[in-house]
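Chemist: Below, each chain spelled out in residue letters.
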Amino acid sequence: MSLIPYNRVKLARDSERPTGLDYIKNIFRGFMEFHGDRRFADDHAIIGGIARLNGHPVTVIAIEKGHTAKERTYRNFGAAHPEGYRKALRLMKQAEKFGRPIICFVDTSGAYCGIGAEERGQGQAIAENLMEMSTLCVPVISILIGEGGSGGALGLAVADRVWMLQNAVYSVISPEGCASILWKDASKAEAAAARLKLTAEDAKSLGVIERILSEDDIGKKEFYERIRTLLAEELSELSNDLDLVGKRYERFRRIGADVVNK
Amino acid sequence: MALINFLKPKNQLEEGGRSAALVQRDEGEPEKKCPNCHKDIPLSRLWANRLVCPCGYHFRMKARQRMKMLVDKDSFQELFAGMKAGNPLNFPGYRDKAENIRAASGEEEAVICGTAEIGRQSCCLFIMEPYFMMGSMGSAVGEKITSLFEYAQKQRLPVVGFTVSGGARMQEGLLSLMQMAKTSAAVKRHSDAGLLYLAVLTDPTTGGVTASFAMEADIILAEPGATVGFAGTRVIEQTTKKSLPKGFQKSEFVLEHGFVDAIVSRLNQRKMLAEILKMHNGG
Chain A
1 MSLIPYNRVK LARDSERPTG LDYIKNIFRG FMEFHGDRRF ADDHAIIGGI ARLNGHPVTV
61 IAIEKGHTAK ERTYRNFGAA HPEGYRKALR LMKQAEKFGR PIICFVDTSG AYCGIGAEER
121 GQGQAIAENL MEMSTLCVPV ISILIGEGGS GGALGLAVAD RVWMLQNAVY SVISPEGCAS
181 ILWKDASKAE AAAARLKLTA EDAKSLGVIE RILSEDDIGK KEFYERIRTL LAEELSELSN
241 DLDLVGKRYE RFRRIGADVV NK
Chain B
1 MALINFLKPK NQLEEGGRSA ALVQRDEGEP EKKCPNCHKD IPLSRLWANR LVCPCGYHFR
61 MKARQRMKML VDKDSFQELF AGMKAGNPLN FPGYRDKAEN IRAASGEEEA VICGTAEIGR
121 QSCCLFIMEP YFMMGSMGSA VGEKITSLFE YAQKQRLPVV GFTVSGGARM QEGLLSLMQM
181 AKTSAAVKRH SDAGLLYLAV LTDPTTGGVT ASFAMEADII LAEPGATVGF AGTRVIEQTT
241 KKSLPKGFQK SEFVLEHGFV DAIVSRLNQR KMLAEILKMH NGG
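As given, the protein sequences belong to chains A and B, one line each in that order.
Under this note's numbering, the first residue of the first sequence carries the number 1, and numbering increases by one thereafter.
Under this note's numbering, the first residue of the second sequence carries the number 1, and numbering increases by one thereafter.
Accuracy of the hints is not assured; some may be wrong.
[Stated by the list, open to error] Computed Cβ-Cβ distance ranges for the label pairs, DEER-style:
1) E252/B x E71/A: 55 to 61 Å
2) D14/A x K278/B: 54 to 60 Å
3) W183/A x T240/B: 20 to 26 Å
4) G225/B x K188/A: 30 to 36 Å
5) L267/B x R38/A: 39 to 45 Å
Keep in mind that the hints were calculated from the coordinates and are not lab data.
We put the CB at the ideal spot given by N, CA and C, even for glycine.
Construct the entire structure; sequences and hints are all you get.
Modeler: See the structure below:
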């Protein structure tokens with residue numbers, strides 16, 4: 001299947017596409033959702049809690065966009081406020097304390113751009129996640145299931161393994177944003193999407209992700225079973241790694257280093 | 001004439017003012033209009049006052065001029081000076097744009113790094129460059145800042161960093177985004193080693209730099225009136241369809257909301273940084 005990058009963007013944004021909750025329900029057993037950042041509020045765009053993966057306790061965090069108009073409004077279209085990132089970090093620290101692996105599902109056009117979000121430190125919340133996730137001493141796997149919008153996506157993706165769905169996208173800026181800055185014309189998003197190298201294949205060739213997950217059977221039982229098996233295998237490998245944090249550091253350390261003339 | 005020269009303040013910044021690229025190009029024009037008080041201020045007076053208008057407005061400043069103003073004379077030893085990114089995504093126009101800016105600004109990249117002494121206190125120092133693609137962070141900026149924190153950790157030195165940035169550099173796509181994670185991990189290691197990191201946020205500090213190393217310091221200072229935020233104001237207005245409150249995202253607003261430790265005028269920064277470094281001496 002060969003789609004132009006902008007069609008990937010459209011697919012990644014499709015409201016029919018499985019969302020974070022669909023993955024949680026179909027891959028794990030007995031998910032219990034835990035709410036709130038213990039500081040200000042409970043963000044509806046990021047959900048998290050504990051569940052079992054093939055019997056083993058894990059912490060699961062997901063950005064949820066919702067399917068229906070009502071759900072999407074309630075979820076703020078998957079655009080989290082700072083409280084979402086702080087809730088995620090609280091649950092990750094809890095996972096670390098109890099030795100549970102962490103699995104994140106990422107699907108956002110970006111962290112919310114609003115007055116309250118700025119007042120409550122959107123940048124600081126993401127920065128803290130990047131910093132703290134880099135030294136979590138439990139395995140972390142992040143899967144980009146739809147849109148991977150800039151810092152808002154990275155805030156849940158400083159992981160030992162980052163995987164992408166075949167038609168998910170991962171980008172430093174939305175193609176519309178890029179087009180409006182470069183050419184003062186958001187309608188040139190298609191051209192911008194091609195330049196930004198935001199597809200799963202691009203991300204893999206840039207060394208930003210480890211694995212591309214096929215979408216041939218997306219949403220079907222086998223699809224979720226396949227991901228469950230892959231997660232279980234990868235977690236058992238990562239759990240035995242005595243230098244998990246050191247390797248996570250190197251994983252990000254090398255990105256971009258080879259394109260810099262020294 | 002000789003007498004006038006004699007009376008003129010002997011200030012390194014004056015040289016900087018004359019040779020500076022872009023805004024300070026108007027050599028024939030001895031005055032500059034302050035966008036805050038709307039008065040025409042003689043350039044020499046501005047330079048003698050560290051580019052701060054008598055009304056308190058802080059003009060934007062080149063990284064190297066800031067360095068000269070800040071560090072003990074001749075103490076700056078530059079590190080990683082040759083690091084610069086190519087055009088890893090073959091982004092149209094990027095290479096030419098970067099080369100033109102290199103020629104105009106005399107800088108290879110959007111940050112300068114090195115070791116220095118401030119009030120006889122040794123530290124590692126980075127200063128971002130507003131006149132290089134508005135301090136945007138691509139692979140080279142990420143690599144330089146990461147390398148500086150790693151160097152500081154090895155040498156057990158504190159890091160002082162001046163931020164100014166429009167955010168991640170779009171032309172390097174995902175590689176730019178990943179620099180946020182890379183720099184953050186290096187800051188964390190330096191921090192876990194018990195070492196001090198002090199950031200000074202200058203106008204503007206936004207986007208991916210705010211959402212990474214700008215907000216990760218032990219002590220965060222800001223210059224008066226600096227824009228400090230995550231999202232751009234235009235994007236916020238479009239998203240929320242609301243007009244923004246007065247002073248939104250100015251450093252005073254950010255202080256009021258609890259995200260910076262103090263606002264410090266450029267005229268007092270050297271003294272304050274020296275004292276903070278001294279109080280953390282050995283760590």
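Chemist: Confirm or reject each hint.
Modeler: Here is how each hint holds up against the structure:
| no. | hint | verdict |
| --- | --- | --- |
| 1 | E252/B x E71/A: 55 to 61 Å | violated, 39 Å |
| 2 | D14/A x K278/B: 54 to 60 Å | holds, 58 Å |
| 3 | W183/A x T240/B: 20 to 26 Å | holds, 25 Å |
| 4 | G225/B x K188/A: 30 to 36 Å | holds, 35 Å |
| 5 | L267/B x R38/A: 39 to 45 Å | holds, 41 Å |
Hint 1 alone, counting from the list given before, is not met by this structure.
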